[in-house]
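Enquirer: So the chains spell out like this:
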Amino acid sequence: MKTSPLKLALIPVLMFGFGFAMVPLYDVICDITGLNGKTGRIQAAEITDPVDRSRTIEVRFLANTSSGLPWHFEPLVKKMEIHPGQVYEAMYRVRSTSKDKTLGQAIPSVSPGTAAEHFNKTECFCFTQQALEGYETRDMPLRFVVGRDISDKIEQITLSYTFFSQDQG
Amino acid sequence: MSTEITHDTAHDEHDHHGPAKGLMRWVTTTNHKDIGTLYLWLSFIMLLYGGAMAMVIRLELFQPGLQFVEPHFFNQMTTMHGLVMVFGAIMPAFVGLANWLVPMMIGAPDMALPRMNNWSFWILPFAFAILASTSFMEGGGPAFGWTFYAPLSTTYGPDSTDFFIFAVHLMGISSVMGSINIIATILNMRAPGMTLMKMPLFVWTWLITAYLLIAVMPVLAGAVTMMLTDRHFGTSFFDAAGGGDPVMFQHIFWFFGHPEVYIMILPAFGVISAIVPTFARKPLFGYSSMVYASASIAILSFMVWAHHMFTTGMPVAGELYFMYATILISVPTGVKVFNWVTTMWKGSMTFETPMLFALGFIVMFTIGGFSGLMLGVAPVDTQYHDTYFVVAHFHYVLVTGALYSIIAAFYYWVPKWTGHMYDETLGKIHFWWSTIAVNVLFFPQHFVGLAGMPRRIPDYSLQFAEFNQISSIGGFAFGLAQIFFLYIVIKTIKGGVKATDKVWEGATGLEFEELPSPPPYHSFTQAPQVK
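Protein sequences, first through last, are from chains A and B.
Position 144 of the first sequence, counted from 1, bears residue number 144 in our numbering, the numbering being contiguous throughout.
Positions in the second sequence are counted from 1; adding 1000 to them yields our numbering.
Think of the hints as simulated: they come from the structure by calculation, not from any bench.
Some hints here could point you the wrong way.
No farther apart than 25 Å at their CA atoms in a straight line, the calculated lysine-lysine pairs in the BS3-like style are these [unchecked claim]:
no., chain 1, residue 1, chain 2, residue 2
1, B, K1346, B, K1282
2, A, K2, B, K1198
3, B, K1502, B, K1346
4, A, K2, B, K1502
5, B, K1282, B, K1502
6, A, K78, A, K121
Kindly produce the complete structure, drawing on both the sequences and the hints.
Expert: Written out as structure tokens, the structure is:
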């Protein structure tokens, strides 16, 4: 029984592919487990849960802009007391400090990660790219609901948005 | 690529097929002994180069405050020191040992693919020339740590990062080719009667290591390729702005990085398993359990990578899994240490230099193993993470572990390679000098680490000053000891007491029992019969 070096060479070729396969694999695993705080999106009609008024969870809102995007970005309400199952609206204000038109994309992240899969949005400025004219100010809504099946241990959720520049170059 | 070994001539005199004359001999050689020598010299040069950068680090850390170098230059030093030592010193040294020893140990005339062997080696000097040249480029060389986490290496990496990426690609190609060669040699070219379970453990551990290499070096190549496309071709693998995730870089990197740790230590286990029985004058205790332990370490190494990432915000379930899986590795490793100790039990031991380094390995590698266990415990890792405790841990396993085994292998086999005994007195001085110095160097780093001194920072709080001074003095002494080692190496190559063919009283294996010292340029052109 002889081992062919060419057959052996298949292993590194396959493993090179596996390195890239880890990218979608990672997304799938994060999706299932909510590992890196990626939030869900649902239609308003899908909310059928009655509101659980016996529980109160504090939701805190964070807003950041990454370097390279000349925007001021802040939540109008810093925190909210919410009941699971009820839809709430939070407003964010963004103001461009550039004289030119700029394009940004908000990326959300929820902490703790285990809360992410229960944190669903019916409407969000992060669903699409936002284009601001020079010195434009815009108030943007976020409508969200926290599912009733969220773990009892979670008393506080932090929702963080970071706006990244989408301008080319 | 004929896999048949034919002997078209039956004459006994093979010595006249000697090496070619002049420098071109080394460039064009396909001889496994020549290529082994080239690898070992490259690794020695890289050891001194990486060591010189370590001296700069210890010099700057001799006192708190900034005395000698700029922080950005300091970061380049820590980064390049790590890269050069891992990819330039330790890995090529083991490949060099494999080239010299594997054919002689299994009774093969040469490696299976001698021309590719030449290529595997000659890629490396270019890879390291490219890597070293980045230090002279505008913006400096890589300064993001040897782990080159994104976005430090993507968004914020200096321009020279692209040269670094290319160098890593070349090293990966070299490693993969070398590994395929070693696997093909071991599986196809063993002498009649040399069954798998009769192979020396060094051959076994290298077979397993070679499989690890061909499995994970391509993953590293994938990671740096993603970095390259993120940097220049508009992809967002590791960029949150485009939907990527920087934490994913760490997953991909450590999926390579953790098996890499065992790539650097499994051949060391093989070396120690050869030396200890010789000087205890007893056969190795538990040969088959050694083979199985090596294989299980290799398999487990693919399942524990995220223990490098306990502080990235993993869920508790993940931390628990990676903690238990990590600690499970101490079982096969414990089997090995137990077997070495049991081999020595009631043996008639002598303490020549190779044995001293092997014993130093067993004691100090185990110290590094214990601090590794501490780091593997997720709840306490939060405190140890990115402190000097980690630095102390991996230097105990890599310096007094991997490097000590390489030095032990040199003293053990150099009489066979050159036909000259090394100077025993100088060898013993080298051992005690290095061992005292290395402990003065790294042991205090446990304490400053536990007290909270972060790694990779050129300045530190005043309360760490004494321990850092002690550490630096040990560092300079250890560096000097390796210059002394260079002198011993050259002296041994140039001459010395003639070594016997068996070299050591208790030596076993084809290279000691069937070949003269030094072996002919082409050995085992007639395959020996293994009983």
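Enquirer: Output the indices of the hints that this structure fails to meet, ascending.
Expert: Structure breaks hint 4 only.
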